[in-house]
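Residue numbers (our numbering), protein chains in the order written: chain A, 1 to 315; chain B, 1 to 426.
Worth flagging that the hints you see were computed from the coordinates, not collected in a lab.
Heads up, a few of these hints could be off.
Covered stretches of chain A (chain B as the covering partner; in silico rule of three or more C-beta atoms under 8 Å from a C-beta of chain B) [said to hold, decoys possible]:
hint: 1; segment: 162 to 171
hint: 2; segment: 198 to 205
hint: 3; segment: 252 to 259
hint: 4; segment: 268 to 275
Cβ atoms here follow ideal geometry from the backbone N, Cα and C, with glycine treated the same way.
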Amino acid sequence: MRVAERTTQDAGAPAGVSVEPALRPATRARKRRGVNREGLEAGRRSTRTLLWILLAVAMVLYGFPFLYLLFTSFKTPIDTIAVPPTILPREWTLENYTNALGRSGVVASFINSIQTAIISTVLSLVLAVPAAYGITRYKTLSGRIFIMAALVTRMVPPVAIGIPLASMMATMGLSDTPIALSIAHTTISLPLSIWLMSSFFEAVPKDLEEAATVDGCSRIGALWRVVIPVVSGGIAVTAIFAFLASWNEFLFALLMTAIRSQTTPVVIANFQTQFGLDWGSMTALAAVYSIPVIILTLLLQRKIVAGMTLGAVKG
Amino acid sequence: MSTRKTINRFATIGGICTAVALVATGCGAGGPSATGSAGTSTVNVLVEAGGHAELTGVAVQCKKDAGVDVNFVELPYDGMFNRLSSEFSSGAVSFDVAALDSVWLPSFKDALQPIDEIFTDEAKKDIFPALVKEANVDGHFIGLPAWTNAEIILYRKDLFEDAKNKADFQAKYGYELAAPTTWKQYQDISEFFTKDGMYGTDVKGGVETEWLAHVLQAGGPMILDENNKVVIDNAAHKEALDFYVSLTKSAPSGAAQVDWAAAQNLFNQGKTAMTRFWAHAYRQIPKDAPVAGKVGTAPMIAGSAGIGGVPGPWYLTVPKATKNTDAAKKFVQCAYDHNSMGIESSLGLASRISAFEKYQDKEGYESFGPLIETLNGEATATRPATDKWQQIVDTVLVPMLQKAVAGGDSATLLADAKKQIEELVK
Numbered sequence: 001m002r003v004a005e006r007t008t009q010d011a012g013a014p015a016g017v018s019v020e021p022a023l024r025p026a027t028r029a030r031k032r033r034g035v036n037r038e039g040l041e042a043g044r045r046s047t048r049t050l051l052w053i054l055l056a057v058a059m060v061l062y063g064f065p066f067l068y069l070l071f072t073s074f075k076t077p078i079d080t081i082a083v084p085p086t087i088l089p090r091e092w093t094l095e096n097y098t099n100a101l102g103r104s105g106v107v108a109s110f111i112n113s114i115q116t117a118i119i120s121t122v123l124s125l126v127l128a129v130p131a132a133y134g135i136t137r138y139k140t141l142s143g144r145i146f147i148m149a150a151l152v153t154r155m156v157p158p159v160a161i162g163i164p165l166a167s168m169m170a171t172m173g174l175s176d177t178p179i180a181l182s183i184a185h186t187t188i189s190l191p192l193s194i195w196l197m198s199s200f201f202e203a204v205p206k207d208l209e210e211a212a213t214v215d216g217c218s219r220i221g222a223l224w225r226v227v228i229p230v231v232s233g234g235i236a237v238t239a240i241f242a243f244l245a246s247w248n249e250f251l252f253a254l255l256m257t258a259i260r261s262q263t264t265p266v267v268i269a270n271f272q273t274q275f276g277l278d279w280g281s282m283t284a285l286a287a288v289y290s291i292p293v294i295i296l297t298l299l300l301q302r303k304i305v306a307g308m309t310l311g312a313v314k315g
Numbered sequence: 001m002s003t004r005k006t007i008n009r010f011a012t013i014g015g016i017c018t019a020v021a022l023v024a025t026g027c028g029a030g031g032p033s034a035t036g037s038a039g040t041s042t043v044n045v046l047v048e049a050g051g052h053a054e055l056t057g058v059a060v061q062c063k064k065d066a067g068v069d070v071n072f073v074e075l076p077y078d079g080m081f082n083r084l085s086s087e088f089s090s091g092a093v094s095f096d097v098a099a100l101d102s103v104w105l106p107s108f109k110d111a112l113q114p115i116d117e118i119f120t121d122e123a124k125k126d127i128f129p130a131l132v133k134e135a136n137v138d139g140h141f142i143g144l145p146a147w148t149n150a151e152i153i154l155y156r157k158d159l160f161e162d163a164k165n166k167a168d169f170q171a172k173y174g175y176e177l178a179a180p181t182t183w184k185q186y187q188d189i190s191e192f193f194t195k196d197g198m199y200g201t202d203v204k205g206g207v208e209t210e211w212l213a214h215v216l217q218a219g220g221p222m223i224l225d226e227n228n229k230v231v232i233d234n235a236a237h238k239e240a241l242d243f244y245v246s247l248t249k250s251a252p253s254g255a256a257q258v259d260w261a262a263a264q265n266l267f268n269q270g271k272t273a274m275t276r277f278w279a280h281a282y283r284q285i286p287k288d289a290p291v292a293g294k295v296g297t298a299p300m301i302a303g304s305a306g307i308g309g310v311p312g313p314w315y316l317t318v319p320k321a322t323k324n325t326d327a328a329k330k331f332v333q334c335a336y337d338h339n340s341m342g343i344e345s346s347l348g349l350a351s352r353i354s355a356f357e358k359y360q361d362k363e364g365y366e367s368f369g370p371l372i373e374t375l376n377g378e379a380t381a382t383r384p385a386t387d388k389w390q391q392i393v394d395t396v397l398v399p400m401l402q403k404a405v406a407g408g409d410s411a412t413l414l415a416d417a418k419k420q421i422e423e424l425v426k
């Protein structure tokens, strides 16, 4: 606006009033720079606006199902099955939460889920960290074959290994225990953990370790004192993925658990019966079940971001 | 340095958590004793989540009567078949009693113990004939029906009793508006109420049982005859399919995707004037639903062969692999003796005729009279006893119905279905 005003003044300078000739080119240049800067600013602003819009669309796409679940958990029974569906409850109620949490076995299933997820996460990390370190540092052919083979296990449909795994656990006397389920869940998260950790170890310069060994560290000492602190963000990311894989897993839990170790995903699924679907209670329990994961993610947010960007500073 | 401290802290916390979790898993959070303990008075009962409530009262009574403690293992319907297959095939079962959907009995018959002693002459008289027949596999009774269901007619009593509707209907069709008893009446009433944003009925393209009930009403055995010959292309099947499809013009669009849940929602929301639905739904209409208190019940409609429905019973079975046979059979006996307790549950069903009759005149149980009449219907029959049934339903019947309600030619579709089923059962 100010630029526009100045331009008008210059153009309309009264006759006889001389404008310093020496100043003219500089003024023009300033004006041009001003116009360019304004143009750049406007361009940046519109790019930013576009990004925000895209971000908002993505947020809505990802967040809407969860928000819908959350709103449904506060709806009355008739609202949950409204045709056409409504997004917001017409009448807010906590009845679904009372029903869901009052159902027998829900609290026990939460404890089972926590136990199973913790054991599975620790198992995954304990196995994946040394495996990934060995593969990335020694770069042997067998290591490369191993990491590809680990990926192949992810390509097998879980149901194909679920039934044999259940039989194996029964043979070992581990039926219906969180340990059995944790081991089963580790088969899902371990390949992913190895791959993730490998990429994080790749990003750590070898010089760091060599410096540590020069300072008197053993190989294991260098790993523990130098490398692992550097990839702690990556470990956090891997832990979150392993925890989530176990926390949300359904099929193995269905096949391997009964009275003592049933996890919450199976209990949530139990709200859909042959005789009807209790949407309200189901969504209420699902909403409660998602709280620990949200808290965990928020607590480890910094580490996760650091882990995500670890590869970006490579070299 | 601080990062190292953090790592150490995480490692310590992780170690402690794992140790605690490992110690805790020694007994598991569920708490009860180990499954299938030999010779104990505790039984583990595997049950579909919806049926759990049906047996809760029985379990309490069984503890008093026979000293048998019961632990329930609830599983969702969709996963139960896989779980049963897995455990039966491994030979190590985690339960002593399993409540099985009737369609699974033929698949698991070799893994189940006979329970002939429970089927006394008196018991056989008190259980619906179709169920007595279905429970008997290869000369032995292998399952006690714990509860049963069948489709009846649910209709909007308020709309049917409305004076204007009555007069208009009489003028248009020449007979009095009342709960339908025949196919023709069902078609007429459906057509009549399809107006002003409302539909006369629903058509469920996503499930097969309703069409099969019409096949029975038309006089046919369902899909396979007594010699296991595929008869899906006969006149009864075609007649039933044509009737089924004819209702699409009086039903909401998208019939191919309509299943039980969708149809129940439509009716409870007041979008349809009638529905053919499982009897338990009458007692499950939400109190705040627009149709609450306005619903009437009637037996399933009749075709040329009379009233016909497909019973939906669940059977209590005792696996051969259990180490706790005595207590398991005691529980099954309790379930028979106190069968009427299921009626007081949220599902509100039983399997003994005497149990239904005891309640049928009570307020709130108006669906029982029509249910008894349907289960005793002359054309009522259970599904064919083949271990391929679930496969036939999933891969042939439902896709065929979906094509039919979307406008496919019924004769061609039935002929194609015959070929596919013959491939499956050969």
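Counting residues of the segment 252 to 259 of chain A that have a beta-carbon nearer than 8 Å to any beta-carbon of chain B, does the count reach 3?
-> holds (count 4)
Examine the segment 162 to 171 of chain A for residues whose CB is less than 8 Å from any CB of chain B, and state whether their number is three or more.
-> That given contact holds, which follows from 6 residues of the segment 162 to 171 of chain A lying within Cβ reach (below 8 Å) of chain B.
For the segment 198 to 205 of chain A, do at least 3 residues have a Cβ located nearer than 8 Å to some Cβ of chain B?
-> violated (count 0)
Whether chain B covers the segment 268 to 275 of chain A (at least 3 residues having a Cβ closer than 8 Å to its Cβ atoms) = holds (count 7)
Of the numbered hints listed earlier, the single one contradicted by the structure is hint 2.
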